[in-house]
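Those protein sequences? They're chains A and B, same order as listed. Quick note on our numbering: the first sequence kicks off at 1 and runs consecutively. Quick note on our numbering: the second sequence kicks off at 1001 and runs consecutively.
Hints are computed from structural coordinates only; laboratory data are not their basis. Built from N, CA and C at the ideal position, the CB exists for glycine as well. Heads up, a few of these hints could be off.
[To be verified] Looking from chain B toward chain A, a few residues come up when the C-beta cut is under 8 angstroms (computed): (1) G1029; (2) G1032; (3) L1041; (4) H1042; (5) Y1102; (6) R1103; (7) I1172; (8) A1185.
[As the list claims (entries may be wrong)] In silico negatives: residues of chain B with every beta carbon more than 12 angstroms from chain A: (9) V1013; (10) W1017; (11) A1260.
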Amino acid sequence: MQRLLALALVLPVGLALLGLARRARLERADFVFNNGAEVTSLDPAAISGQAEGRVADALFEGLTVKHPQTLEALPGVAEAWELAPDGLTWTFHLRAARWSNGEPLTAEDFLYSWRRLLEPATAAPYAALLHCVRGAEAYAAASADEREARWAAVGLRASDARTLVVELARPTPYFLALTSFHPLFPVRRKSLEHFQERFPESWQSEWMRPGNLVSNGPYKLIERRVNDRLRLAKNPEYWDAANVALRSIDVLAVEHIGTGLNLYLAGDVDWIDRVPTALVPELRKRADFTPAPYLATYFYRVNVTQPPLDDRRVRRALALSIDRRALCERILQKGELPSWSVTPPSLPGYARAEMLHAGDDETALERDRAEARALLAEAGYGPQHPLPVLEILFNTSETHRDIAEVVAAGWTSALGLEVKLLNQEWKSYLDSQHNLRYQLSRSSWIGDYADANNFLEVFVGGGENNRTGWRNERYDGLVGEAARELEPARRATLLAQAEALLLEELPILPIYSYVSQNLVNPRLDGFFANVQDTHPPKFWRWKRPAPSATEPDAPAPERRGKKRAR
Amino acid sequence: MMRFLLRRALWFVITVWAVVTLSFALMRGVRGGPFSSERALHPAVEQALAERYHLDWPIWKQYLAYVGPLNLGAHGARVLGGDGSAPFGGVLALDFGPSFRYRDFSVGDVLSQALPISATLGALALAWALVVGLAVGIVSAVKRGSALDLVVRVVATLGIALPSFVVAGLMILLFCFALRWLPPAGWGDLRHLVLPACVLGAPFAATIARLTRAGMLEVLSQDYIRTARAKGLSARTVLLRHALRAGVLPVVSYLGPATAGILTGSLVVEKIFAIPGVGTHFVNSALNRDYTLAMGVTLCYTVLVYALNTLVDVVYTLLDPRIELAEAT
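With the rest of the complex left out, here is chain A (with noise of 0.2 angstroms):
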């Protein structure tokens, strides 16, 4: 019996201590950073999350790179280019670059990637980005049979094999932007088809392992664990490897937010993107935690369809009551900026308009509210005749609940209303949202490209992303007119306008521009706080320690576990 008991002992131990064998262990990278969740995927084409984009960055590179700081188009795959004068045809000079398995990359593997990015089948999230191309609009709605015939009209061709000329359809002065964005990196043909024809039914899975991906950006998969980490090393055969200086980085998937913050805390990693909104004024006094205003917007979107939110005064009345400031300083404490606006501030050459209000001083909101009871009695609202209960729906989260019980106690104290709040969880909240079964909801809307294009789009009538039910030919009209314009200085005027009608609608009520919440080893050089809250790893490198550096470039792997962050 004692040997039998000492078996179900022994028994587990082994299981466990085979486990562990079968792991082959991995020292810590020369950077470790957490990415907040498992990537999605690493096909540059089907991806469209922010935790996706940064690996894909590490990964691939595009025709163009952003500057770490300022987001201007440093050289990439293409060493140069031109603007043709009619505003409409780019010439890209691609450099001798090479995939990652020394194979030269030249313009047809962009054609063949920008095709495939179009290709319904490939059902890429971003595919209609490339829709500012000649003649793409229509390839990407054309049958199966008539899309072959349709390529040679789409404005996409290389005119060698290391110059690629792209006709737009219309001018898009944020073209130059998007070709340092993932959709439009190149992926290799070769590969692809190699692996579906091998692997007709489990290629997505077997083109995109370790050792079976070709890339071209300056860092390479080594291994890739589910929820744990993705390995990624430099690329000898990336054509700017002399300034790559990481040998490796591990890319950390740590959901949990405390956690990361331990992590980070412990000096196990370098870099967190997210922190835990309780201890935010504990972090504020850290020199290493640097929040910095970033293209998003905090908003609640009102369904339009029902009463008594159909009425514009209503919804006014609603978007002139919340407290903003009490929200920006109280609740969320990073430095978010109150915002009359669905655009953020800070568009490069946008002047964004705001909805009317009275002002910025301490007494504005109390004005505010004595025009939103105004506007609620001469909508027929009053003690005698209360609105009905309204109803908040948000994603479950503690932060979005703060700022539902703080624009809720608006609502009741300055306009008499009652109103519940409702969380659901994320599937069921997207669904709500999608199918209007919601009065006011919570939303937030992320820039991809700093244009105010990117944020007006989102409100055209019809529109997938729009979700509150409203439509506005007129508003439709000033976005379509924007796009076609080929004046800088008129186009923005004319989305300008087209925002400033939607501050008069309503159909979404601004609350507060987002902020970065970095924090960030400070030994970490080629790391800049920017708008779009994006950080191009190929310019990570770590400051040398004082004078006495004994190895150049070397990261000092015995930092490893002595050293914790300040």
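Position chain B against the provided structure of chain A, taking the given hints into account.
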């Protein structure tokens, strides 16, 4: 014994079928889909994805394709890396299909990476829970009423009462930030296992200690123990050879639920300590509406719990000849 195992096998098939059907129905019944996101997909893109994963098929056909290796015919041209995925083998062929969320992985890939990790963690947690629980329980029973017994009982009660995220937080504070002995989270070497295994095993160690103590106390007052002592056997022999064998029975019957508890309890611990095991997938796959992965993980848990419970029943009869398996079903 043989009949028992056969009957168990039959029930196993029925259970698996029920779980597959129920989890399929639940996943499809719940609102929201695998491809919805804040930035909604263009309807054409959504359509293309639905076709790729055959979500455009009638639900009964999808169910049949999920259960059986019924190749219902691939469709869709394989253009430029677009489509080409034939229906996967199905549960009967042990092929759970591609994960909808982690597009570069199949459910099999995900499980084969996560399962050994959860198994390692669970086995270690169970092992330490058994060693510590049994030892403490025996000592506490023998020294009944002493100060030591009191301390053990208080600690054991605390261990059961405190939720694991509280224990985890306290331990991280102590061992990672005050003493700086252990890393706060992650997965890479042995040091990463210590805290999660301790936290995961703690409530089970406490329960095992209490069960052992109670079992031993009961046995120690039995006549045959007195007889054994009267025969002049040493206290140690009496304790380990005669008393323990019967005293430990409640612990053995607890092992079944304990294993299930450690399996399902691991999701909190895995989250806090960022361990890439099955527990995280169990929660996330449902939240992400990753249909295939959610069903795969549920099935995986079903098989594990069923197998371990059967194993415990077998061990039980070996320990106590009074029990016959035919009745145990």
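Verification of the supplied hints:
Contact between G1029 (chain B) and chain A, as hinted, is not supported at the beta carbon level, the nearest pair being about 12 angstroms apart and thus beyond 8 angstroms. Below 8 angstroms, beta-carbon pairs count as interface contacts, and G1032 (chain B) has one with chain A at about 3 angstroms; its hint therefore holds. With a cut of 8 angstroms, the hint placing L1041 (chain B) at the interface with chain A holds, because the nearest CB-to-CB distance is about 6 angstroms. A distance limit of 8 angstroms between C-beta atoms decides the matter here; for H1042 (chain B) the minimum to chain A is near 6 angstroms, and the interface restraint holds.
The restraint placing Y1102 (chain B) at the interface with chain A holds, with a minimum CB-CB distance near 6 angstroms, inside the 8 angstroms limit. About 4 angstroms separates the beta-carbon of R1103 (chain B) from the nearest beta-carbon of chain A, less than 8 angstroms, and the hint is met. With a least beta-carbon distance of about 6 angstroms to chain A, the hint placing I1172 (chain B) at the interface is held under the 8 angstroms criterion. For A1185 (chain B), the shortest C-beta to C-beta distance to chain A is roughly 5 angstroms, which falls under 8 angstroms, so the interface hint holds.
Its beta-carbon lying about 26 angstroms from the closest one in chain A, V1013 (chain B) satisfies the requirement of being farther than 12 angstroms from that chain. Distance check for W1017 (chain B) against chain A: the nearest CB is about 25 angstroms away, which clears 12 angstroms, and the non-interface claim stands. For A1260 (chain B), the shortest C-beta to C-beta distance to chain A comes to about 15 angstroms, beyond the 12 angstroms cut-off, and the non-interface label holds.
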